[in-house]
Amino acid sequence: RKEVEQDPGPFNVPEGATVAFNCTYSNSASQSFFWYRQDCRKEPKLLMSVYSSGNEDGRFTAQLNRASQYISLLIRDSKLSDSATYLCVVNTNAGKSTFGDGTTLTVKP
Amino acid sequence: SQTIHQWPATLVQPVGSPLSLECTVEGTSNPNLYWYRQAAGRGLQLLFYSVGIGQISSEVPQNLSASRPQDRQFILSSKKLLLSDSGFYLCAWSVIQGVYGYTFGSGTRLTVV
Numbered sequence: 392r393k394e395v396e397q398d399p400g401p402f403n404v405p406e407g408a409t410v411a412f413n414c415t416y417s418n419s420a421s422q423s424f425f426w427y428r429q430d431c432r433k434e435p436k437l438l439m440s441v442y443s444s445g446n447e448d449g450r451f452t453a454q455l456n457r458a459s460q461y462i463s464l465l466i467r468d469s470k471l472s473d474s475a476t477y478l479c480v481v482n483t484n485a486g487k488s489t490f491g492d493g494t495t496l497t498v499k500p
Numbered sequence: 016s017q018t019i020h021q022w023p024a025t026l027v028q029p030v031g032s033p034l035s036l037e038c039t040v041e042g043t044s045n046p047n048l049y050w051y052r053q054a055a056g057r058g059l060q061l062l063f064y065s066v067g068i069g070q071i072s073s074e075v076p077q078n079l080s081a082s083r084p085q086d087r088q089f090i091l092s093s094k095k096l097l098l099s100d101s102g103f104y105l106c107a108w109s110v111i112q113g114v115y116g117y118t119f120g121s122g123t124r125l126t127v128v
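As you go down the protein sequences, you meet chains A and B in turn. Residue numbers in the first sequence follow our numbering, run continuously in steps of one, and reach 500 at the last position. Residue numbers in the second sequence follow our numbering, run continuously in steps of one, and reach 128 at the last position.
Excised from the complex, chain A in its bound form:
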């Protein structure tokens, strides 16, 4: 079993739709969590950190469920420009980071 698992998708949604991705992790000692966005053939860019209390940044909401060991990313009112691959990253308290393989989102007109 992988340490961090994501549904690769692709998720194909129309503009304006709400879409959610999950990312499960196996190490219960994981301490910090992030979502990155990666455009085709580009470097990943930090989208948002994921806090225990959940956090929101505009149309994006990230949540952490420690009991079930997963994080989620919700995108509301999807835009064409949201099309990308979304990577989750899980850090242990020893500073080790594990990247998921990513979930691909395509938003269509």
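Derived by calculation from the structure, the hints in this document are not laboratory data. Check each hint, because a few of them may be wrong.
[What the hints assert, rightly or not] Using C-beta positions, here's what the derived DEER-type ranges look like:
| no. | chain 1 | residue 1 | chain 2 | residue 2 | range |
| --- | --- | --- | --- | --- | --- |
| 1 | B | 98 | A | 437 | 25 to 35 Å |
| 2 | B | 85 | A | 437 | 38 to 48 Å |
| 3 | A | 393 | B | 28 | 41 to 51 Å |
| 4 | B | 32 | A | 445 | 46 to 56 Å |
| 5 | B | 44 | A | 486 | 12 to 22 Å |
| 6 | B | 67 | A | 437 | 16 to 26 Å |
| 7 | A | 437 | B | 56 | 32 to 42 Å |
| 8 | A | 394 | B | 97 | 23 to 33 Å |
| 9 | B | 94 | A | 403 | 41 to 51 Å |
| 10 | A | 460 | B | 23 | 39 to 49 Å |
| 11 | A | 393 | B | 111 | 32 to 42 Å |
| 12 | B | 80 | A | 457 | 35 to 45 Å |
| 13 | B | 97 | A | 467 | 24 to 34 Å |
| 14 | A | 420 | B | 115 | 16 to 26 Å |
[What the hints assert, rightly or not] DMTMM-like mimics (lysine to aspartate or glutamate), calculated; alpha carbons at most 20 Å apart, straight line:
| no. | chain 1 | residue 1 | chain 2 | residue 2 |
| --- | --- | --- | --- | --- |
| 15 | B | 94 | B | 37 |
| 16 | A | 433 | B | 37 |
| 17 | A | 436 | B | 41 |
| 18 | A | 393 | B | 74 |
| 19 | A | 487 | B | 41 |
| 20 | B | 94 | B | 74 |
| 21 | A | 470 | A | 448 |
| 22 | A | 433 | B | 100 |
| 23 | A | 433 | A | 406 |
| 24 | A | 433 | A | 447 |
[Claimed, not checked] Here are some chain A residues pointing at chain B (derived, C-beta under 8 Å):
| no. | residue |
| --- | --- |
| 25 | 423 |
| 26 | 435 |
| 27 | 474 |
| 28 | 478 |
| 29 | 486 |
| 30 | 491 |
| 31 | 493 |
All values reported here derive from a predicted model rather than from experimental measurement. Cβ coordinates follow ideal geometry from the N, Cα and C atoms, glycine included.
Based on the hints, put chain B in the right spot on chain A.
Relative to the frame of chain A, chain B by itself:
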């Protein structure tokens, strides 16, 4: 503000040839530096990380090596490339071992032929 530079953007090299990729960071001191590799459609695999000049930790045994000759310079090298070394190489920096996330360079797409 902090910036990270990585070059070249694209590289095509024959099997058995040497490799040198360079990464520099500006606007911060004593950053943690990382080399990652990404295979097509996959997540990032950590190759090397460094917490200071001359301090290199290797995560995966491979045909590559890394060096940090200066505080804000990180170099990835190989003496003889293999076909399996092809991939997207990303340099990154962070503070405190990625606790606040990573900032990546623009990457080098290496194709070994």
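How the hints compare with the structure:
1. A hinted range of 25 to 35 Å holds for the C-beta pair residue 98(B) and residue 437(A), which are about 32 Å apart.
2. Taken as a hint, the range 38 to 48 Å is violated for the pair residue 85(B) and residue 437(A), whose Cβ atoms sit roughly 25 Å apart.
3. At roughly 31 Å, the beta-carbon separation of residue 393(A) and residue 28(B) lies outside the given 41 to 51 Å, and the hint is violated.
4. Evaluation of the 46 to 56 Å hint for residue 32(B) and residue 445(A) yields a pass: the beta carbon distance comes to about 50 Å.
5. Distance hint check for residue 44(B) and residue 486(A): the Cβ-Cβ separation is about 19 Å, which falls inside the suggested range of 12 to 22 Å.
6. Between residue 67(B) and residue 437(A) the Cβ separation comes to about 24 Å, which falls inside the hinted range of 16 to 26 Å.
7. The hinted range of 32 to 42 Å is not satisfied by residue 437(A) and residue 56(B), whose Cβ atoms lie roughly 21 Å apart.
8. Separation of residue 394(A) from residue 97(B) is about 26 Å and conforms to the stated range, judged on CB atoms against 23 to 33 Å.
9. Between residue 94(B) and residue 403(A) the C-beta distance comes to about 45 Å, which sits within the given range of 41 to 51 Å.
10. Checking the proposed 39 to 49 Å range against residue 460(A) and residue 23(B) shows it holds: the Cβ atoms sit about 40 Å from each other.
11. Separated by about 25 Å at the C-beta atoms, residue 393(A) and residue 111(B) break the suggested range of 32 to 42 Å.
12. At roughly 39 Å, the beta-carbon separation of residue 80(B) and residue 457(A) lies within the given 35 to 45 Å, and the hint holds.
13. Taking the beta carbon of each, residue 97(B) and residue 467(A) are about 46 Å apart, not inside 24 to 34 Å as hinted.
14. The hinted window of 16 to 26 Å between residue 420(A) and residue 115(B) holds, with their beta carbons roughly 19 Å apart.
15. Note on residue 94(B) and residue 37(B): the hinted pairing holds, with a Cα-Cα distance of about 15 Å set against a maximum of 20 Å.
16. The straight-line distance between the Cα atoms of residue 433(A) and residue 37(B) is roughly 17 Å, inside the 20 Å bound, and the hint therefore holds.
17. Using a Cα cut-off of 20 Å, the hinted pair residue 436(A) and residue 41(B) holds, with the two alpha carbons roughly 18 Å apart.
18. Distance restraint check for residue 393(A) and residue 74(B): the Cα-Cα separation of roughly 17 Å lies within the 20 Å cut-off, and the hinted pair is therefore satisfied.
19. The suggested pairing of residue 487(A) with residue 41(B) is violated, with an alpha-carbon distance near 24 Å, which exceeds 20 Å.
20. Of the supplied pair hints, the one linking residue 94(B) and residue 74(B) holds, its CA atoms being roughly 19 Å apart against a limit of 20 Å.
21. Taken as a hint, the residue 470(A) and residue 448(A) pair is honoured in the structure, with Cα atoms around 15 Å apart against an allowance of 20 Å.
22. A distance of roughly 19 Å separates the Cα atoms of residue 433(A) and residue 100(B); the hinted pair therefore holds under the 20 Å criterion.
23. With a C-alpha separation of about 23 Å, the suggested pair residue 433(A) and residue 406(A) falls outside the 20 Å cut-off, and the hint is violated.
24. With a C-alpha separation of about 25 Å, the suggested pairing of residue 433(A) with residue 447(A) is violated against the 20 Å cut-off.
25. Taken as an interface hint, residue 423(A) checks out: its beta carbon lies about 6 Å from the nearest beta carbon of chain B, inside 8 Å.
26. This hint holds: residue 435(A) has a C-beta 6 Å from the nearest C-beta of chain B, less than the 8 Å allowed.
27. Of the supplied interface hints, the one on residue 474(A) is violated, with its beta-carbon coming no nearer than about 16 Å to a beta-carbon of chain B, more than 8 Å.
28. With a cut of 8 Å, the hint placing residue 478(A) at the interface with chain B holds, because the nearest CB-to-CB distance is about 6 Å.
29. Taken as an interface hint, residue 486(A) checks out: its beta carbon lies about 3 Å from the nearest beta carbon of chain B, inside 8 Å.
30. The restraint placing residue 491(A) at the interface with chain B holds, with a minimum CB-CB distance near 5 Å, inside the 8 Å limit.
31. Given the 8 Å rule on beta carbons, the hint for residue 493(A) holds: about 6 Å separates it from the nearest Cβ of chain B.
When each numbered hint is compared with the structure, violations occur for hints 2, 3, 7, 11, 13, 19, 23, 24 and 27.
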